[in-house]
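Sequence order for the protein chains is L and X. Quick note on this note's numbering: the first sequence kicks off at 2 and runs consecutively. Quick note on this note's numbering: the second sequence kicks off at 188 and runs consecutively.
These aren't lab readings, by the way, just hints derived from the structure by calculation. Remember, predicted model here, so these are calculated numbers, not experimental data. Glycine included, every Cβ here is placed at the ideal spot set by N, Cα and C. Keep in mind that the hints are not guaranteed to be accurate.
[As the list claims (entries may be wrong)] Calculated pairs, DSS-like style, for lysine-lysine (alpha carbon to alpha carbon, straight line, at most 30 Å):
#1 X:K386 <-> X:K358
#2 X:K473 <-> L:K392
#3 L:K29 <-> X:K460
#4 L:K29 <-> L:K164
#5 X:K460 <-> X:K473
#6 L:K392 <-> X:K386
#7 X:K319 <-> X:K460
#8 L:K392 <-> X:K423
#9 L:K164 <-> X:K319
[Unchecked claim] Sample of chain L residues with no beta-carbon within 12 Å of chain X, all distances over it, derived:
#10 H44
#11 I63
#12 L373
Each chain, written out:
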Amino acid sequence: MSFISTEFACLFVLCFAVCYLVGQRFRKAVLLASSCIFIGYFHVGFLLVAVAVALFAYGAGILIEKTADRPGRQQVAFWGACLCLVLCWTGFRYAGKLTGTSVLFPLGISFYTFQALAYLTEVYWGEEKAERNVTDFLLYMLLFLKFLSGPIERPGNLLAQVKELRPATYPMMTYGAKLILVGLIKKLMIADHLGPYIDHVFASVHEASGVQLLMAALLYPVELYADFSGYTDMAVGGALLFGLRLSPNFDRPFTSQTTAEFWRRWHISLSSWVRDYLYLPLASVVRGWGQWGIAGSLLVTFVALGVWHGAGWTFVVYGLIQGIVIVWEQRTAKARNTLRDRLGNRLFTLLSQVRTYLVFALSLIFFKAQTLEEAFYYIGHLSFRVHSSWKEVSIGIPDRSCIVAGATLLLLLVYEHFMARGDVLQRLERQPAALRWALYYLFVFVLFAYGKFGTENFIYLQF
Amino acid sequence: MKQPNTPPLQSGSAARKLVLKALLLLLPFAGIVVLYFHDDPFMTLRRYPVYDSAVMLNEEMVGWNIYRNNRDSIPFNSFILGNSCTMAFPCRMWEQHLAPGDRAIRLFGNGESMRAIYLKLQALERDSAELKNVLLVLDGTSLSRSQVQSGYSFLLPPEVSGQSLVGVQLKLLQTFALPNFLFAYLRYRMTGTISSSMKYMNPYGRIRNPQNNDALNPRERLIDEQQEAYWRDRPKEFPPRPEQEVVAAPVIGDEQAQLLRQIAALLHRHRTKVRLIISPDYDQLKLNPADKAALDHLFGRGVVFDFSGINAYTADYHNYYERGHYRPILGERLLQAVYEEDEGGKSR
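With the rest of the complex left out, here is chain L (with noise of 0.2 Å):
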């Protein structure tokens, strides 16, 4: 049941209607009766795996709590909660790999498993209480709206608003409503206009022409994040309809002038995740190393943050360009202020901007390709040259959708300027009706008549 179904439209619309019917007390067990039928609906197995996690976490939280008088018997259950969950975690991810059989991967699990790490976490390191509701917990954990594809809640915020949980108010509906329709564009109108396309070329890397395989390195960073992001925005949209406030997952990753930024900008709850809880804790361990401790510990944590995005050495090259190309920014920060002060700043920004985007997106190659062999090959065919024609930069795609997806790019592209210099969506709000109306009515009309349907997928799913 993805995001853009008629069935979960069904449950959504359901479960919505629902909630506001039978009031307060038994909102909780609507939202979780309607994450377990989203969850199950796709496997029971994959419901099974993902309430046994949860209460899993649930009682080694409260084990961990009860043993904090006791540090060596806490540290036991803390590390021994985090091993199993992460066996449990690269078991799922690898046994199909290391046995050669097909093995069902339980949808969800990678965000799943690092949300119940960060629980336990907090928990150990004394952040948070362990959570004594059962539903509260398995609410926090198994939510509908960001199951799937995060974002990677913390305690902190999720749980917290679970446990208070208040019905949404009427701007909060509308903000949220917005937001379904503003990932809804992202998704329909840029992402699966392009997809298909992209794919192609992925599939076929060896015929291919030069200018092929560079275009479709180039969009995909952009198919990505219409794809992901419009996932987000749906589901932040969609929980703050039922009063929930889910955390960002992006802002404006491509203004990004270095790679680091980009990480503080890209996939947030994740890379936040990984500075957290892997990052910070390993280099305060190696801060005798000095700069080399601060470099290693940044390979590792991003070499780990390609893994948690599946079994191969692709992933992990491609965690490791991330984590080499922030050592060498930090490493010339110098420099590159220097350049700055040559160049001026409207320039050097631009170029930054540019040279993080094609860092970018030179490593997800490594992140498409199903071998290192084949991603090897694509960047070693990479080159201006064509089969026969210079149509062959289009990689295919129809006229009609290179202009439904560059000008709902170009779109998005200012919408998220003027996001970053106020809520564009509030602002909104205070408007003449005529003029929202207006708004409302053609960007739904061309959702309903430019948008691409028939496809349910989305990329971070397989994740």
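On the provided structure of chain L, position chain X as indicated by the hints.
The following block gives chain X in isolation, referenced to the frame of chain L:
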């Protein structure tokens, strides 16, 4: 999101207000949906005895529906598949080169892809159709297309593609809602007239045979009326051609070869007598010899007939309606060339 300053409504009334406004927002779209289901502009919601309309219909669906309409009364065993150039091969004309009693139908698609051809053959196989003869009419572009293209005119019937009926109808509904389409359609519905600017509308009336989907091309009538002026007055449709033959780049890659192999295997399973015609395009671009060799290898010798390039068939511009399509008078010559050997063999 910052907490807005407006006073919160009670949750129930907030939800009611949101639902009411959402319904208000969706009201015009509900109107479009109702009109779509009422009018069935693409003739895909209900069955019809004759598939001709003021709307440019999806040929993939029309062909399949004509086949379904007639399969119980006409024992079809011969199928013309390929792109819109199949219009040069009327079924009656082809049947003259087949065994007595063989009955043909044209199941073509505009800008047909190899994938669509394969899916149709699979659908015919599932339908237990007798695949005795197949005439494939292709060109380099069709051969290069390993995926079904996007757009309403390339949508395959759900029975053929395996897509859900809802998914297909959703795409058609979406096309119906396109401003280009919707406004032209509403104008036609109100005035009953079709102007040349109405891109998705069919001003020619009846254009296909309801039994075998043969094309009744309105341009033939124009040619009869205008004679030589037909070609003389359309310089944009008949641009100058190269003096030296240009060979196209190869188009059959791994993916295309795999599809062709599957098509050949399916036809071989049915012992189908296949003839594959590479169209004599007006542009005289020669199919790459590597592609011809690949086709010969996959389908066997004596099956593939390449009429592309500069030759006796492409030389005369009178054989063309415009640069994309040729006439049945040329189709007849091609069939004679294709079946010359067989018929010679028969007479011998």
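Evaluated hints:
1. X:K386 <-> X:K358: holds (18 Å)
2. X:K473 <-> L:K392: Holds: K473 (chain X) and K392 (chain L) sit about 19 Å apart, inside 30 Å.
3. L:K29 <-> X:K460: violated (66 Å)
4. L:K29 <-> L:K164: holds (9 Å)
5. X:K460 <-> X:K473: Roughly 26 Å separates the two Cα atoms, so the pair holds.
6. L:K392 <-> X:K386: holds (25 Å)
7. X:K319 <-> X:K460: Holds, because 6 Å separates the two Cα atoms, which is no more than 30 Å.
8. L:K392 <-> X:K423: At roughly 21 Å apart (the allowed maximum being 30 Å), K423 (chain X) and K392 (chain L) satisfy the hint.
9. L:K164 <-> X:K319: violated (70 Å)
10. H44: holds (20 Å)
11. I63: For I63 (chain L), whose nearest Cβ neighbour in chain X is about 32 Å away, the distance exceeds 12 Å, so it holds.
12. L373: It holds; L373 (chain L) is separated from chain X by about 21 Å at its closest Cβ, greater than 12 Å.
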